[in-house]
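Peer 1: Work from the hints to combine the two standalone chains into their complex.
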Amino acid sequence: AQSVSQHNHHVILSEAASLELGCNYSYGGTVNLFWYVQYPGQHLQLLLKYFSGDPLVKGIKGFEAEFIKSKFSFNLRKPSVQWSDTAEYFCAVARQSGGSYIPTFGRGTSLIVHP
Amino acid sequence: EADIYQTPRYLVIGTGKKITLECSQTMGHDKMYWYQQDPGMELHLIHYSYGVNSTEKGDLSSESTVSRIRTEHFPLTLESARPSHTSQYLCASRGQGAPPGELFFGEGSRLTVL
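From first to last, the protein sequence lines stand for chains A and B. Per the working numbering, the very first residue in the first sequence carries number 1; after that it's consecutive. Per the working numbering, the very first residue in the second sequence carries number 1001; after that it's consecutive.
Keep in mind that the hints were calculated from the coordinates and are not lab data. Honestly, I wouldn't trust all of these hints.
Here are the in silico distance ranges between beta carbons for each label pair [unchecked claim]: (1) A:S70 / B:S1080: 45 to 53 angstroms; (2) B:N1053 / A:P115: 45 to 53 angstroms; (3) B:D1003 / A:I60: 13 to 21 angstroms; (4) B:G1014 / A:S70: 47 to 55 angstroms.
Since we're looking at a predicted model, the values are computed, not measured. Yeah, the Cβ is synthetic: ideal placement off N, Cα and C, and Gly gets one too.
The following block holds chain B by itself, in its conformation from the complex (with noise of 0.2 angstroms):
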């Protein structure tokens, strides 16, 4: 059974606040992801990782910013909140090994920006 968790599950803030996502998996899993999901769309990846100070951005154009100094963490950060980022993130994680595609997620971080 895969362990990824994601805090907060729901978050609601205000125009221009700093947020955090935190995403962090027990599994030792080089590589992770984000993605956004909206409803009736396709998921877009916005940011991915393939190992501890190694980070990309994904197909999406997206605001917020990632870091990966632990295998184990992959928090976003978005500096400065707007109604445009209100959706569900996804964060998941692929072991060395796996095949593409093959991923396991969170159970996402919905945010509603005010």
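The following block holds chain A by itself, in its conformation from the complex (with noise of 0.2 angstroms):
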């Protein structure tokens, strides 16, 4: 079965500081991947997705996430984070062919960015 893997389970950061959030998962296989992010309150939805292509994807209000083949990884980055990104961020992964098409979420990532 495949497992995804945050291993930043909190993180605190000022305004202006950069950020990165790692993820792995273990499938060998072609995948989708996906950043959703959970704003205090409200709904999970969707950040970003990589399906083919360059493996640098951007996303909304400045995220961008990159995909490494060779480690497996999808590591959730931004230059200058914002006291509005106060949020639980998920990575997930899905299977592209065959068998499930149901995505694995990882743990989360809980980031509080302080004003």
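Peer 2: See the structure below:
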């Protein structure tokens, strides 16, 4: 079974600091990769996604993520965080062919940004 | 903008009660999912459906049941709630043709069983 590992469970930053959240997965086949975000009191929503092509993908609100196939990683980055980025961030992986198409989620990373 | 609704948002009940968590979406999505979310833990898939009259159990064993009689409706039922069922339950959907993993989520139903 595939698994998704998010190494940082809690991250606390000051505004304008740079952010990188790690995500590794164990599945060796073709995958679709996602980052979801859950702002306080709101529903989970898609932040960005990777299916194929350029391994550096850009999402909403200045976030980007890089797919490194050799490392089975899909790390999320933002050069300069804002207080409004305080949220829970979830990495998710879905198989692209065969078997189940259901995404597997990581444990989430709680990000707190101090003004 | 996705439209997927869950009710109730919050529920506190006693042990042994039967409860149903409602989930409805207005997007005509054929695929729907129920996830269980506990603080600091992965979202665990407990049920999913690929269309009317189709339901499957997910990775996490659950004592709950689901039904899919209409495309837009995917309720989850606990026949006899226990304190171990205390959790947040998230409903999600995906449209036909949408890539695997691209889900729209509801706001969740937070259940507390005393």
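Peer 1: Of all the hints given earlier, name the ones this structure violates by number, lowest first.
Peer 2: none
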